[in-house]
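Number of protein chains: 2
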Amino acid sequence: MSVRNAFYAQSGGVTAVINASACGVLETARQYPDKIGKVFAGRNGILGALQEELIDTSLESIDVIAGLRHTPGGAFGSCRYKLSTPENKPAEYQRLIEIFKAHNIGYFFYNGGGDSMDTAHKVSLYSQKMGYPITCIGIPKTVDNDLPATDNCPGFGSVAKYIATSVKEASLDIESMHETSTKVFIMEVMGRHAGWITAAAALAMDHENDPPHMLLFPEIDFCREMFLARVEQTVEDHGYCVIVASEGTHYGDGTFLSASRSTDAFGHVQLGGTAPILARMIKDSLGYKYHWAVVDYLQRAARHMASAVDVEQAYAVGVAAVEYAMQGKNGIMPTIVRGEGTEYTWSIGEAPLEMVANVEMKMPRHFISEDGLHITEECRRYLEPLIMGEDYPPFKNGVPVHTRLNRACVEKKLPPFNV
Amino acid sequence: MSVRNAFYAQSGGVTAVINASACGVLETARQYPDKIGKVFAGRNGILGALQEELIDTSLESIDVIAGLRHTPGGAFGSCRYKLSTPENKPAEYQRLIEIFKAHNIGYFFYNGGGDSMDTAHKVSLYSQKMGYPITCIGIPKTVDNDLPATDNCPGFGSVAKYIATSVKEASLDIESMHETSTKVFIMEVMGRHAGWITAAAALAMDHENDPPHMLLFPEIDFCREMFLARVEQTVEDHGYCVIVASEGTHYGDGTFLSASRSTDAFGHVQLGGTAPILARMIKDSLGYKYHWAVVDYLQRAARHMASAVDVEQAYAVGVAAVEYAMQGKNGIMPTIVRGEGTEYTWSIGEAPLEMVANVEMKMPRHFISEDGLHITEECRRYLEPLIMGEDYPPFKNGVPVHTRLNRACVEKKLPPFNV
Numbered sequence: 001m002s003v004r005n006a007f008y009a010q011s012g013g014v015t016a017v018i019n020a021s022a023c024g025v026l027e028t029a030r031q032y033p034d035k036i037g038k039v040f041a042g043r044n045g046i047l048g049a050l051q052e053e054l055i056d057t058s059l060e061s062i063d064v065i066a067g068l069r070h071t072p073g074g075a076f077g078s079c080r081y082k083l084s085t086p087e088n089k090p091a092e093y094q095r096l097i098e099i100f101k102a103h104n105i106g107y108f109f110y111n112g113g114g115d116s117m118d119t120a121h122k123v124s125l126y127s128q129k130m131g132y133p134i135t136c137i138g139i140p141k142t143v144d145n146d147l148p149a150t151d152n153c154p155g156f157g158s159v160a161k162y163i164a165t166s167v168k169e170a171s172l173d174i175e176s177m178h179e180t181s182t183k184v185f186i187m188e189v190m191g192r193h194a195g196w197i198t199a200a201a202a203l204a205m206d207h208e209n210d211p212p213h214m215l216l217f218p219e220i221d222f223c224r225e226m227f228l229a230r231v232e233q234t235v236e237d238h239g240y241c242v243i244v245a246s247e248g249t250h251y252g253d254g255t256f257l258s259a260s261r262s263t264d265a266f267g268h269v270q271l272g273g274t275a276p277i278l279a280r281m282i283k284d285s286l287g288y289k290y291h292w293a294v295v296d297y298l299q300r301a302a303r304h305m306a307s308a309v310d311v312e313q314a315y316a317v318g319v320a321a322v323e324y325a326m327q328g329k330n331g332i333m334p335t336i337v338r339g340e341g342t343e344y345t346w347s348i349g350e351a352p353l354e355m356v357a358n359v360e361m362k363m364p365r366h367f368i369s370e371d372g373l374h375i376t377e378e379c380r381r382y383l384e385p386l387i388m389g390e391d392y393p394p395f396k397n398g399v400p401v402h403t404r405l406n407r408a409c410v411e412k413k414l415p416p417f418n419v
Numbered sequence: 001m002s003v004r005n006a007f008y009a010q011s012g013g014v015t016a017v018i019n020a021s022a023c024g025v026l027e028t029a030r031q032y033p034d035k036i037g038k039v040f041a042g043r044n045g046i047l048g049a050l051q052e053e054l055i056d057t058s059l060e061s062i063d064v065i066a067g068l069r070h071t072p073g074g075a076f077g078s079c080r081y082k083l084s085t086p087e088n089k090p091a092e093y094q095r096l097i098e099i100f101k102a103h104n105i106g107y108f109f110y111n112g113g114g115d116s117m118d119t120a121h122k123v124s125l126y127s128q129k130m131g132y133p134i135t136c137i138g139i140p141k142t143v144d145n146d147l148p149a150t151d152n153c154p155g156f157g158s159v160a161k162y163i164a165t166s167v168k169e170a171s172l173d174i175e176s177m178h179e180t181s182t183k184v185f186i187m188e189v190m191g192r193h194a195g196w197i198t199a200a201a202a203l204a205m206d207h208e209n210d211p212p213h214m215l216l217f218p219e220i221d222f223c224r225e226m227f228l229a230r231v232e233q234t235v236e237d238h239g240y241c242v243i244v245a246s247e248g249t250h251y252g253d254g255t256f257l258s259a260s261r262s263t264d265a266f267g268h269v270q271l272g273g274t275a276p277i278l279a280r281m282i283k284d285s286l287g288y289k290y291h292w293a294v295v296d297y298l299q300r301a302a303r304h305m306a307s308a309v310d311v312e313q314a315y316a317v318g319v320a321a322v323e324y325a326m327q328g329k330n331g332i333m334p335t336i337v338r339g340e341g342t343e344y345t346w347s348i349g350e351a352p353l354e355m356v357a358n359v360e361m362k363m364p365r366h367f368i369s370e371d372g373l374h375i376t377e378e379c380r381r382y383l384e385p386l387i388m389g390e391d392y393p394p395f396k397n398g399v400p401v402h403t404r405l406n407r408a409c410v411e412k413k414l415p416p417f418n419v
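Line by line, the protein sequences give chains A and B. The opening position of the first sequence corresponds to residue 1 in full-length UniProt numbering, with each subsequent residue numbered one higher. The opening position of the second sequence corresponds to residue 1 in full-length UniProt numbering, with each subsequent residue numbered one higher.
In case anyone wonders, no lab produced these hints; they're calculated from the structure. Where hints are given, some of them may not hold.
Given that identical chains are not distinguished, each listed pair holds provided it fits within a single copy or across any two copies.
[Said to hold, decoys possible] Straight line, CA to CA, 30 Å or less: simulated DSS-like cross-link-like pairs of lysine-lysine:
#1 K289 x K38
#2 K289 x K329
#3 K396 x K129
#4 K82 x K283
#5 K289 x K89
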């Protein structure tokens, strides 16, 4: 078998540990010099392939690559760009194959969510049809934890740990202040369609009545009356109320709370923020003093509070992607498989890309309590192992150290392409 | 000298390390059994004294007290309640003295900001006048870093480290995504009148042009045109723009941005949030895709990202407060004194309470760059040592362990008092 180069790209919203997967890919690929020549990484994801901006990772030192393990964000650049189908837009697929041919690329490792698995699958099929077969392996990544066929998704455990830790800490603050000041605290988290991150906030609880007292899932229609009644009851019972709300909290008709019909004095629709909308609702109806937080990008970038299990798994799926390719496998994605038994164990499995593509795994109903406002014990048992262990980055001058790539691109061989 | 009891109370907004100061007070007081009997802690701050809710800390174990060092929030409860003057409301001061007499309290340790130092000072004077002299020692605490007479305030270093770390991490996220998605990220931080926390965000920078690209201080009047021009220029130069804004960002006439005249469809004034206001301004004028975060309580509760220097100093001012009292000193506050020389050193000094009371130390103009939108090198040299070192809490089940006090109160001896 001749030596072929590989192409690696990061796709969609980044996570605290997507670079750990990159690290796994690059370190493992270097162990197969008889099969894999260079690994090129797409500058800004798949755009890098279309625009022939191929970062030559062979120019990056071993230390810099090792540092990817503790560096959040997407070190090569990511993008929100979904390829169409080969039928609708064959030019894009043709271009990919041309680029791969021009740079002797035989392996395509695509690190992303459901859309990306779909793209990898289509490239695999199309490349065979075009007589230039590419080995396509997907590498799972998403803070939303919504990919099928895998027990959990690399990226989720770390945001889960960050959210649980942050809510636990902030709840002590509200508890301290509630006698004369803040009675309600609302924290808005990511997960527009799936409530996994919201659910993870419950891991802050040591005991049954500990905060957070209420969780608002995108899987459950929001009911204003029920919500306000529960806030009032909680403040009466405990003196204060801590709420964690998904950014995707919505009414029964599907309207997001954050897209409420409120407009400002100039007629502009008010932009975003489920938490401030809930805060106003409480203030108007119950009069409680409130605070709210929207952590946004911080939650998925918080490598300083990464889950050790998550870092390990993110690295492992990167390693497995290359190993599978070396074994001649194609059109698959490494998965996380949970072991049987009470003690948490995990191993790497595999799933065909077509099984993973474009399926969104929401929270199952039995993971959500009957009233729709909290999680069940079963859900807790599922979530808890995923946030285990701390994996602190190195610090310098009081802040985390992050690796910096050269990102030098190889010389272009083809004419430009308009995306 | 006879054995007297002591009273300790936490006041105002809490911090990640105010309990470390409590730990210093309680551990040190136990070393003087011939002078200090029990330490009573006010349940919910000074309200605990007025309402005779005195937590008997002698019932708390050594381990539990040691655990205060890594527990955020105010473990005894805090409050926002400012005593009036003895002239305006003598009943409150009389009540305090009665409580202190009834429980043989001879020492008053008040852990708070400028208002609390003022109260401690007034209690000291009033108690002498009433013939029941109390030794009053203030213990500095504020995330805002705005107390005079001390080089810095316990509580600030940890929020500074958290903000610098968070901005550094989130900036990698925006950098990864900016090619096809988010161009502007705005993070809102605390510090309504003083811009120290905003300034600390600059510690995220390794190099001159690194994010955050712009800081909005409460010390500098906000200019919409200049702001938008700078955002546009930064996006042109770097592809994206990271902004850190104080919650107290205001126009030249003093109006906070967060109190903008916008109202919703029902005529309600829109509630809070400097960051979303700035985001809308950018969207409307420049059309850039944005994200924003408001960390609120999370920043001052983030004990998981505490500065080791800050924890050490918070503990040390608690220790010093008791030591000073044992030396017969009165009406003072322990301070942090910065050593001379290039290497950072610090020691504990003291300042009279009347010098500290009700003075708000804003950022000096020479700490802010000429254009008003960043910090100077001198400011960086001041800030950097304060975030040095990590001091991680213990973790269990993936989240930080926090100490839980019994908070058992001593039996009341006096009739109720209405506050």
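Quick rundown of the hints versus the structure:
1. K289 x K38: This pair counts as neither: shortest intra-copy Cα distance 59 Å, inter-copy 35 Å.
2. K289 x K329: neither (58 Å within a copy, 40 Å between copies)
3. K396 x K129: Cα proximity of K396 and K129: none, with 51 Å in one copy and 53 Å across.
4. K82 x K283: Between. Shortest inter-copy distance 24 Å satisfies the 30 Å Cα cut-off; intra-copy 42 Å does not.
5. K289 x K89: between (54 Å within a copy, 26 Å between copies)
In summary, the structure is inconsistent with hints 1, 2, 3 from the numbered list given earlier, while agreeing with the others.
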